[in-house]
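Here the protein sequences come in this chain order: A and B. The numbering of the first sequence is the UniProt record's numbering, which starts it at 1 and goes up by one. The numbering of the second sequence is the UniProt record's numbering, which starts it at 1 and goes up by one.
I should point out that these hints are in silico values taken from the structure, not numbers from a laboratory. Check before you lean on any hint, since a few could be wrong.
To be verified - In silico DSS-like pairs for lysine-lysine, Cα to Cα no more than 27 angstroms straight-line: (1) 159/A with 197/B; (2) 35/A with 152/B; (3) 429/A with 197/B; (4) 84/B with 368/A; (5) 32/B with 459/A; (6) 377/A with 60/B; (7) 368/A with 152/B; (8) 7/A with 197/B; (9) 32/B with 458/A; (10) 10/A with 197/B; (11) 197/B with 443/A; (12) 197/B with 35/A; (13) 159/A with 10/A; (14) 275/A with 106/A.
As the list claims (entries may be wrong) - Quick list of the computed label-pair ranges, beta carbon to beta carbon: (15) 152/B with 192/A: 45 to 53 angstroms; (16) 158/B with 192/A: 57 to 65 angstroms; (17) 125/B with 185/A: 56 to 64 angstroms; (18) 161/A with 246/B: 55 to 63 angstroms; (19) 150/B with 28/A: 49 to 57 angstroms; (20) 125/B with 455/A: 28 to 36 angstroms; (21) 89/A with 113/B: 54 to 62 angstroms; (22) 100/B with 292/A: 31 to 39 angstroms; (23) 55/A with 170/B: 51 to 59 angstroms; (24) 180/A with 114/B: 37 to 45 angstroms; (25) 28/A with 100/B: 36 to 44 angstroms; (26) 455/A with 117/B: 31 to 39 angstroms.
Predicted model only: the values in this text are computed from it and were never measured. Cβ coordinates follow ideal geometry from the N, Cα and C atoms, glycine included.
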Amino acid sequence: MNTASPKHAKNAEAFLRDEENTDWHNETLWFVRSKRDRAAQSLPEWEELREQASQIKAHALSKLDDYLIQLEENARKNGIIVHWAANADEHNQIVLDIMRKHKATKIVKSKSMLTEECHLNPFLIKQGIEVIDTDLGERIIQLRNEPPSHIVMPAIHLKKKHIGDLFHLHLGTDAGADDPQYLTEAARIHLRQKFLLADLAITGVNFAIAETGGFVVCTNEGNADLGAHLAKVHIACMGIEKVIPKAEHLGVFLRLLARSATGQAVTTYSSHFRKPAPGQEMHLVLVDNGRTRQLASPDFRNSLKCIRCGACMNTCPVYRRSGGHSYHTAVAGPIGSILAPNIDMKEYADLPFASTLCGSCTNVCPVKIDIHQQLYKWRQVLGEAGVVEPAKKVGMSGMDVLFSRPWLYRFAGRAGRWLMQTFPTLANKASLNPWAIHRDMPKPPEQSFRDWYAQQNKKTNG
Amino acid sequence: MNVGLFIPCYVDQFYPNVGIATLRLLESLDVKVIFPMEQTCCGQPMANSGFQRLSAGCDKNFIQNFADCDVVVGPSGSCVLHLKEHLHSSEQPEEAARLRGNVYELCEFLTDVLKVDALPKARFPHRVGLHTSCHGQRGLGLSSMSELVAPKFSKPEHLLRLVDGLDLVPLTHPDECCGFGGTFCVFEEALSSKMGKDRVNDHLRHGAEVITGGDMSCLMQLEGVLRRQKSSVRVMHIAEILTSGN
Ligand code: SF4
Chain A
1 MNTASPKHAK NAEAFLRDEE NTDWHNETLW FVRSKRDRAA QSLPEWEELR
51 EQASQIKAHA LSKLDDYLIQ LEENARKNGI IVHWAANADE HNQIVLDIMR
101 KHKATKIVKS KSMLTEECHL NPFLIKQGIE VIDTDLGERI IQLRNEPPSH
151 IVMPAIHLKK KHIGDLFHLH LGTDAGADDP QYLTEAARIH LRQKFLLADL
201 AITGVNFAIA ETGGFVVCTN EGNADLGAHL AKVHIACMGI EKVIPKAEHL
251 GVFLRLLARS ATGQAVTTYS SHFRKPAPGQ EMHLVLVDNG RTRQLASPDF
301 RNSLKCIRCG ACMNTCPVYR RSGGHSYHTA VAGPIGSILA PNIDMKEYAD
351 LPFASTLCGS CTNVCPVKID IHQQLYKWRQ VLGEAGVVEP AKKVGMSGMD
401 VLFSRPWLYR FAGRAGRWLM QTFPTLANKA SLNPWAIHRD MPKPPEQSFR
451 DWYAQQNKKT NG
Chain B
1 MNVGLFIPCY VDQFYPNVGI ATLRLLESLD VKVIFPMEQT CCGQPMANSG
51 FQRLSAGCDK NFIQNFADCD VVVGPSGSCV LHLKEHLHSS EQPEEAARLR
101 GNVYELCEFL TDVLKVDALP KARFPHRVGL HTSCHGQRGL GLSSMSELVA
151 PKFSKPEHLL RLVDGLDLVP LTHPDECCGF GGTFCVFEEA LSSKMGKDRV
201 NDHLRHGAEV ITGGDMSCLM QLEGVLRRQK SSVRVMHIAE ILTSGN
């Protein structure tokens, strides 16, 4: 098998070249993480809530088939048309077929990472359909022809100035304008027209409830509701892991989701959809796309608990300094680095290594996914499969030889220190030692601890 | 109690003074310490790079060396964490399990086992920044974590507060990663360096004269940045501070 190239490292390096921008990105996300901390600290029962959420999800995953069937039955009873998609292509085709049936050519879409994962937009655009993302951040990156860089704040990598320039170009706002209120107003007028003309609305699903056959969509802008209420057809697309058993479980997740995501007590709009309004049609598309494969793997099953709050990204010191695009996948950051190799192991082999395994992600995760431990496990899987960079492979085999043989280790240590003492510039030469591009090597001591210890013993005993 | 001193390979080679300070500190607390001479590495570099299976030789060597010890103590949170989680042997599974349960990071050994509440001789009249290493803190639970809603505590801080004259500086990010991350520091060089730089700046902004911690690997990363900046701020392992004045 070929080996993957370290794309993340290269992308990160490019991102880091503008240090001022990196600092701004880092601080902006840290600000969100701090808001999350304050919101969490305001609930003394926070850790219990996390535990409950984790257990509810674990239970739902252990009987996922039952709950999905129950969801389907109840949704049908409510008058929702239910579809099943094994993969991204099937999902996109289902959406297209519904559109064709209704001769729809204009759709409005609220934020859905699943449709990103399935690359729905490019697929529909190729069929001549107008797809408008109605979440403000999503619309911004759509106009820029970029993927989202964050699952909750898709345009967090952009400054007001960028948005001003973009809107000037596409929406005719004044050149150089960067007042958020003015820009938001322009976006609102632009989106209003799109909402009114749309034939069909697509939304994501945050939680689907097996017991009731309904589902919940959370947005801060109300755009999902506006789209779904105005269009005569509403398609809701969900990954199969989004099902929870009962309505009474919802409160646990709604309390955790917004606090973890942005530090808000609750998302501004948590809309419950249960049945189509008179004269309207409602579809629910249930998508697998690798999820059952993940479910079958005890090591990685936990990652299906994810409620896509984005907290792991905001806290991740690597994400904060490399930006979402460095991860070259729909879902960036720590959780994305676990999900992506499940979709394509070779393409995303670099991502589980784009982490220091500091463990902060695991601690903020509202559903207690053992994120950094799963990254570690992925590394083992990738190492076994032979898809890591050759340099790593060679280096590690060398270390194995060295450290399993104490005499060789002693010799190499002495030789290494001697080399560094004799040729100090060599160790600090950036072309030979990447460490030395921005950092200096330690000054090598005369003697190792071991040599000192042996000498001491000789002194006292001899 | 037969205490085996575990000095990780990079401490052995680059920071012998940390090994010496650890040994002296334990001896000053009346602990009888032996240092098995044939020890090498805990195996973490391979395991973290996705080659845990290549650490079998390391594991075997470790088990051989420390078989006679009741407990093993090492001045490195990340190596100790690796041993606690991954030390493995198909030939001697019981011995591996016993050692996994009896390996301690230096600070946790001092606070939890020896219950050190005073260090009468320790004196270090400087402004000190404590770098809380991730593996020590989140992995071994050496201190409370800013992400969790839980009571605050810190084992290394408890020990540093026993040192006469030491002024512990507050930090804006008390538990941010330094960016070392094993081979991450080489394969993600640009990111790792930036993280190191940011970590150092937090300490400098608060007027630290010395940066300390329980993991020499993190401190090596911070030292690398400081030296490049030609800064007069030094790094010292916590064992060196706890034995200063002796
Ligand atoms: S893994 Fe956890 S913290 Fe990250 S997005 Fe999912 S639920 Fe949120």
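Hints, one by one, checked against the model:
{"no.": "1", "hint": "159/A with 197/B", "in the structure": "24 angstroms, holds"}
{"no.": "2", "hint": "35/A with 152/B", "in the structure": "19 angstroms, holds"}
{"no.": "3", "hint": "429/A with 197/B", "in the structure": "19 angstroms, holds"}
{"no.": "4", "hint": "84/B with 368/A", "in the structure": "21 angstroms, holds"}
{"no.": "5", "hint": "32/B with 459/A", "in the structure": "18 angstroms, holds"}
{"no.": "6", "hint": "377/A with 60/B", "in the structure": "22 angstroms, holds"}
{"no.": "7", "hint": "368/A with 152/B", "in the structure": "20 angstroms, holds"}
{"no.": "8", "hint": "7/A with 197/B", "in the structure": "23 angstroms, holds"}
{"no.": "9", "hint": "32/B with 458/A", "in the structure": "18 angstroms, holds"}
{"no.": "10", "hint": "10/A with 197/B", "in the structure": "19 angstroms, holds"}
{"no.": "11", "hint": "197/B with 443/A", "in the structure": "19 angstroms, holds"}
{"no.": "12", "hint": "197/B with 35/A", "in the structure": "25 angstroms, holds"}
{"no.": "13", "hint": "159/A with 10/A", "in the structure": "23 angstroms, holds"}
{"no.": "14", "hint": "275/A with 106/A", "in the structure": "23 angstroms, holds"}
{"no.": "15", "hint": "152/B with 192/A: 45 to 53 angstroms", "in the structure": "50 angstroms, holds"}
{"no.": "16", "hint": "158/B with 192/A: 57 to 65 angstroms", "in the structure": "60 angstroms, holds"}
{"no.": "17", "hint": "125/B with 185/A: 56 to 64 angstroms", "in the structure": "60 angstroms, holds"}
{"no.": "18", "hint": "161/A with 246/B: 55 to 63 angstroms", "in the structure": "58 angstroms, holds"}
{"no.": "19", "hint": "150/B with 28/A: 49 to 57 angstroms", "in the structure": "27 angstroms, violated"}
{"no.": "20", "hint": "125/B with 455/A: 28 to 36 angstroms", "in the structure": "32 angstroms, holds"}
{"no.": "21", "hint": "89/A with 113/B: 54 to 62 angstroms", "in the structure": "59 angstroms, holds"}
{"no.": "22", "hint": "100/B with 292/A: 31 to 39 angstroms", "in the structure": "35 angstroms, holds"}
{"no.": "23", "hint": "55/A with 170/B: 51 to 59 angstroms", "in the structure": "37 angstroms, violated"}
{"no.": "24", "hint": "180/A with 114/B: 37 to 45 angstroms", "in the structure": "57 angstroms, violated"}
{"no.": "25", "hint": "28/A with 100/B: 36 to 44 angstroms", "in the structure": "41 angstroms, holds"}
{"no.": "26", "hint": "455/A with 117/B: 31 to 39 angstroms", "in the structure": "34 angstroms, holds"}
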